[in-house]
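Here is what each chain is made of, one letter per residue.
Number of protein chains: 2
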Amino acid sequence: MKKDREAAKNVKKLFGKQVRKRRVELGFSQEQLAFESGLHRNYIGSVERGERNISLENIYILAKALKYSPKDLLL
Amino acid sequence: MKKDREAAKNVKKLFGKQVRKRRVELGFSQEQLAFESGLHRNYIGSVERGERNISLENIYILAKALKYSPKDLLL
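One line per chain: the protein sequences are A and S, in this order.
Numbering-wise (the numbering used here), the first sequence opens with residue 1 and increments by one.
Numbering-wise (the numbering used here), the second sequence opens with residue 76 and increments by one.
Hints may be right or wrong, so weigh each one.
What the hints assert, rightly or not - Below 25 Å or equal to it, Euclidean Cα-Cα: the simulated PhoX-like pairs (lysine-lysine) are:
#1 S/146 - A/64
#2 S/146 - A/9
#3 A/71 - S/88
#4 S/96 - A/71
#5 A/64 - S/92
#6 A/13 - A/67
#7 A/13 - S/142
#8 S/142 - S/96
#9 A/17 - S/142
#10 S/146 - A/13
#11 A/71 - A/21
#12 A/9 - S/139
#13 S/139 - A/17
#14 A/9 - S/142
Claimed, not checked - Facing chain S, according to a computed beta carbon distance under 8 Å, are these residues of chain A, among others:
#15 12
#16 15
#17 54
#18 74
Think of the hints as simulated: they come from the structure by calculation, not from any bench.
Predicted model, so just to flag it, every value in this text is computed and none were measured.
Here a beta-carbon is modelled for each residue, glycine too, at the ideal position from N, C-alpha and C.
Same shape as in the complex, but just chain A:
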């Protein structure tokens, strides 16, 4: 169980990497993604750095703005 909790930390990093990769793929700046999603630019930055334990709703909102399905953001 402890191991699972540690692995869970890693999932934030991986998620952030996926967001950044997809954003760059679309040619969006963090500002543009913030505008498209309605989330704050600083929030986007911290998600991409893997610092945020992002919620299901925000995963969905971010995926929409990235023209992705939510599952595409999870590895």
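Start from chain A and add chain S according to the hints.
Below, chain S without anything else, positioned relative to chain A:
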């Protein structure tokens, strides 16, 4: 953007349904899933009812306990 926020509410319901479906598939009770995941039984119940805006870490922890990959819980 407002429409996206409304659709995001729905995602909690869909997520909860997926969790319940998979739990039943495995023949787990909510108590067993609570034990396997280290999450509280009441929390599991509210996730299944679509009441929780579950975080990425807990999605991961729940998926592990359900012998699933996190993306299998997202539709």
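| message | Tell me the hint numbers this structure goes against, listed in increasing order. | response | Structure breaks no hint.
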